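Trainee: Chain by chain, the residues:
Number of protein chains: 4
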Amino acid sequence: MERSEESLFSVHTDLALEERESFPGDGGEIAGVEVHEWERKENGIRITEVIIKDAQGAEKMRKPVGAYLTLEAPELADRDEDYHREVAEELASQICRIFERHGIMAGSASILTVGLGNPDATPDSLGPLVLERLQMTRHLNLEYGKDFCAKKKYPVLSGITPGVMAQTGMETAEIIRGVVSETDPDAVLVIDALAARSVHRLGVTIQLSDTGIYPGSGVGNHRGSMTEEEFGVPVFAIGVPTVVGAAAIVKDTVDAMIGTLKREKATAGYGDSIEAMDPDEQYELIRELLEPQFGPMYVTPHNIDERVENLSYTISEAIHAALFRETVRAGEKA
Amino acid sequence: MERSEESLFSVHTDLALEERESFPGDGGEIAGVEVHEWERKENGIRITEVIIKDAQGAEKMRKPVGAYLTLEAPELADRDEDYHREVAEELASQICRIFERHGIMAGSASILTVGLGNPDATPDSLGPLVLERLQMTRHLNLEYGKDFCAKKKYPVLSGITPGVMAQTGMETAEIIRGVVSETDPDAVLVIDALAARSVHRLGVTIQLSDTGIYPGSGVGNHRGSMTEEEFGVPVFAIGVPTVVGAAAIVKDTVDAMIGTLKREKATAGYGDSIEAMDPDEQYELIRELLEPQFGPMYVTPHNIDERVENLSYTISEAIHAALFRETVRAGEKA
Amino acid sequence: MERSEESLFSVHTDLALEERESFPGDGGEIAGVEVHEWERKENGIRITEVIIKDAQGAEKMRKPVGAYLTLEAPELADRDEDYHREVAEELASQICRIFERHGIMAGSASILTVGLGNPDATPDSLGPLVLERLQMTRHLNLEYGKDFCAKKKYPVLSGITPGVMAQTGMETAEIIRGVVSETDPDAVLVIDALAARSVHRLGVTIQLSDTGIYPGSGVGNHRGSMTEEEFGVPVFAIGVPTVVGAAAIVKDTVDAMIGTLKREKATAGYGDSIEAMDPDEQYELIRELLEPQFGPMYVTPHNIDERVENLSYTISEAIHAALFRETVRAGEKA
Amino acid sequence: MERSEESLFSVHTDLALEERESFPGDGGEIAGVEVHEWERKENGIRITEVIIKDAQGAEKMRKPVGAYLTLEAPELADRDEDYHREVAEELASQICRIFERHGIMAGSASILTVGLGNPDATPDSLGPLVLERLQMTRHLNLEYGKDFCAKKKYPVLSGITPGVMAQTGMETAEIIRGVVSETDPDAVLVIDALAARSVHRLGVTIQLSDTGIYPGSGVGNHRGSMTEEEFGVPVFAIGVPTVVGAAAIVKDTVDAMIGTLKREKATAGYGDSIEAMDPDEQYELIRELLEPQFGPMYVTPHNIDERVENLSYTISEAIHAALFRETVRAGEKA
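Chains as they are written, first to last, in the working numbering: chain S, 104 to 437; chain C, 104 to 437; chain V, 104 to 437; chain L, 104 to 437.
Think of the hints as simulated: they come from the structure by calculation, not from any bench. A portion of the hints provided could be inaccurate.
Copies of the same chain are indistinguishable here, so a pair counts whether it falls within one copy or spans any two.
Cross-link-like lysine to aspartate or glutamate pairs, in silico, EDC-like; alpha carbons within 20 Å at most [stated by the list, open to error]:
#1 Lys-249 to Asp-181
#2 Lys-254 to Glu-331
#3 Lys-256 to Glu-140
#4 Lys-156 to Glu-184
#5 Lys-255 to Asp-185
#6 Lys-144 to Asp-183
#7 Lys-354 to Asp-183
#8 Lys-256 to Glu-184
#9 Lys-255 to Asp-183
#10 Lys-144 to Asp-181
#11 Lys-144 to Glu-246
Quick caveat, the model's predicted, so the values are computed rather than measured.
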């Protein structure tokens, strides 16, 4: 979750799901974008797959071409270990499925995992925490012979927690590109904390995508991208929103107030005033309030440390289940 | 910074300075409240002392009777070590002064320091981080004879990081009361992260008070209070705001928008609509937006880990300077 | 594991089991000491109970009167989660049993847990790590009414990680005594890293006792003791050896060499030379080698971080199983 | 400090100084090895430079050709900040000097720093702790234009904490080689915890070398080497011994006892017995005692956390002084 400061004052979301919801008439068709939704009755997990098929869809969605799968599991906010395990199983199946589409066999491929984010900033520490929990195996091939993992039916798993640019003086993409070219994995799997637009998604939504990571606004600026184009192997990402930009919160509130006023008061004029306000003016106002000399502000839940800790367990279990257990298979999915 | 959830949706501030600013006609007199302000020309540090003199002032200010000293040092946001040292010196002088008023001699007293907050949640880790940096001495008396510190001209310094209630199952006040009654210090000095109302104060304002700590709204509920009344010795507190309640941000923005609309459009009616909205309705709207099923939200700067780290250095240096160095004396202050 | 420096050069062990083994003719009777041993066939866990019955036994064993139960589970060194769970179940049963003997009902009593040791020094961080994993409940009574835990059939669990004397300036015993007198638990349960005499016991032996904690050599010096006598409630302790004093290692090697020489060479005189060496001379020699100006040395395994991490899981699971699950009952034990 | 297990039972040292001392007649000449020694009178810092000039010297010293500079500063064991600063200044001068010999200008070169070791194991966390304290600058060139550092007279500093093989599944050398080839620094500077032979050197000796890092015994096995040959740029290393192999301690004690016996008793036969013991037999005995099923053992001081913390400050200050301050110049050195 390292992005250019500019993007923070726009009402940015890392979730394809939220981007799509922002279109007027939510349920409608968007050219170049396909959407599938289903729900697991047994546990209430809701899955949405947004597929951006072409350049037209990419431009509209402000996200690159590819698949974005979202698991929504509201009860993740609670501590129930069994429920976390069910979500992990679901995520494991989806990891197998998305890997398979790119010709990666989850159980035997060599995967480089990357824990993006700042281990010292709680909401940004999800990636590093997941990496701490993963059981690496690639070094066993170095120590006990290059077929060791294959014989044991282990995947060839490696991982790195690169830190953020202020800590390393390097773009994360530079570090990962170097490690990829040295260690030659079949795929890269990035774990990262995301920014959402709605506080209701914080910590209860998991996004799985196959499009790589684009710091900043997503399209255009290629510096720092971690993509198949850059690395030569598919780049998958698992992300969970842990913060909302403060500007998004404010904008949503103002919009809601306008909506309420409009609904409640028939009188023309009421409620139009702010809406009528020049967007630039609105932006300037919010900027003054939310951008002190020391940079952008984030909104995060009060118990974020506990939630990130729990989610790191869920995600690491999912990755282990997808890669290590032979019994979990993509085919299980309808 | 452990407080009841209710208080988080009110537009609460832990800063006496901000409470006072909220009165209409900012500069005016408030019965029972005295205010002094001055500025250090050499470094631009602005000092405000709010003294709540009696019950009348306490009720108005929603804070207990006592002295609240605020240092505002906007450049604290930058990393300059020399500036941090100047702020530490200023804070050291003020610590000596406020101690002296209560008959505590900074250089020789026995002081129990308390690092409040959750070490695992970055914005709430200020207290624990300061405690990590403090050089304790009380045990030297236990090891080398009870006059050891006196002979060395050391203060008798001890400290504890109690953790938060979910981690301990105990009120912090229970733990500290027990430790005070066992170890019998002359005074307690609490270090804590605070909630402010304005993002512009985050990380650049230090409050020093002699009134103890009241979890929650401050007045009324005595459970969990850490005060002279409870402990039998003066309780001082050093606090730095590191978060703003999300509700405060939203309320400020809406207020600012109304203000702007009123100023800019002469037409009556414009801008009044939201203002006219029932406060309960406003509250309900904000609540819906900001209170997902998992509790209250906070706003915090993007680089909060760095800022809390730097501030913990500044505050620990100030405490060391106040207690250890003979050359820093309360008398130096004008 | 905070003890006076002197004790470190003696060949000290915190394990009653090892103390007893040090008597000549290992299997023999010691007046005032009772020993029971059994083994769980299903998992190879070996249990030894050393009961020091009176002052005579205490003097001989250099440990206070009480029960010392030791679980030896060599496979704890490996990472198998299932095995760790079996050990946790066994330990849970023994916790229930030892509690019961003191009239403490594991499922409903109010227990204060204490994580002794230095969280910043890996081999000494076992206690703090266990505390991080425990699920406290006592605060639920404060928040939701004083019968909340009873209704839910929860124990009333609280806990503290006091830190070590150099970090707090206080004796750990002072802090705990204060907390006990404020929060009034039925019993105290201390978790601590121990020093053993043999490297073969590091990380694979768990000692459970009902005699409290005596810093230093155990008998004589009462400063800093955490005992029923001091606190007014029973003090149980769970300890795992994570270090061996360097002096113990050296002494054992020299003894072994002498033994080997004696066995292998029939010639009188051979091998007697070192044995004949004045013990004071031996001590002086070891001291010179092992006591640089900066204090005593410890021996610890290379992967101590991983082992302490795994053990903290096992012990926290055992405590949870003993206190929370109604199905685990002392009666299950033969 | 990641090395093959075999090397741990040999009496290995990472210090060229100690390797040289192990030769009989300590002061004598070794073909292919040059030694210079001097002492700073003002602060008692003793500096020894061991230069291995050719293959003959390398074979004898079991270390590669190159320069090994050792600073011995016994008072580093104490906490005096001023003394740490003096040592940092001395180390800074030596860094500048050794850089200069390889044509690297400390103030303007682009340097990749590497914090080797395991951040979760206290004695092995020196490298990661130093990296946490370093102020990176290379990203400023990426953000503000590629001459930014040059204009500000900053070095181009970057850094990475790669973790150990069990955490990453990769050889550290693979990660660094990848990062070097992507980011193209002028030199690599590795910071690592070392193993010494004598406990008296723990934490009070700093070794600076220009030969790179060879895991394991140093010569022969090239897998995992971090050297100029491998990376194409000079590889410097700063190391501080924080552990002694348990086997080294035992061997030293036994040797000392034999020596004492020989000196003290004129009688032939006394003291010869152990010396006469077959080295293989000795090894087997030590192995049995020190190698439980779970691997090699280390000796480390009781307050290792504090010492590593203080040393990380000293070394990071030295690196900052060497690279950032124009006033510290190699020329200052006699």
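Trainee: Are the hints correct? Go through all of them and say.
Mentor: Hints versus structure:
1. Lys-249 to Asp-181: neither (43 Å within a copy, 23 Å between copies)
2. Lys-254 to Glu-331: neither (29 Å within a copy, 36 Å between copies)
3. Lys-256 to Glu-140: Answer is neither: 34 Å inside a copy and 41 Å across each miss the 20 Å cutoff.
4. Lys-156 to Glu-184: Classified as neither: same-chain Cα gap 37 Å, cross-chain 44 Å, threshold 20 Å.
5. Lys-255 to Asp-185: between (28 Å within a copy, 19 Å between copies)
6. Lys-144 to Asp-183: within (18 Å within a copy, 34 Å between copies)
7. Lys-354 to Asp-183: Neither way: Lys-354 and Asp-183 sit 34 Å apart in one copy and 35 Å across, limit 20 Å.
8. Lys-256 to Glu-184: For Lys-256 and Glu-184, the Cα distance is within 20 Å only across copies (19 Å; inside one copy 28 Å).
9. Lys-255 to Asp-183: between (33 Å within a copy, 16 Å between copies)
10. Lys-144 to Asp-181: Result: close within a single copy only, 19 Å intra versus 40 Å inter.
11. Lys-144 to Glu-246: neither (46 Å within a copy, 35 Å between copies)
In terms of the numbered hints stated before, the structure departs from hints 1, 2, 3, 4, 7, 11, listed from lowest to highest.
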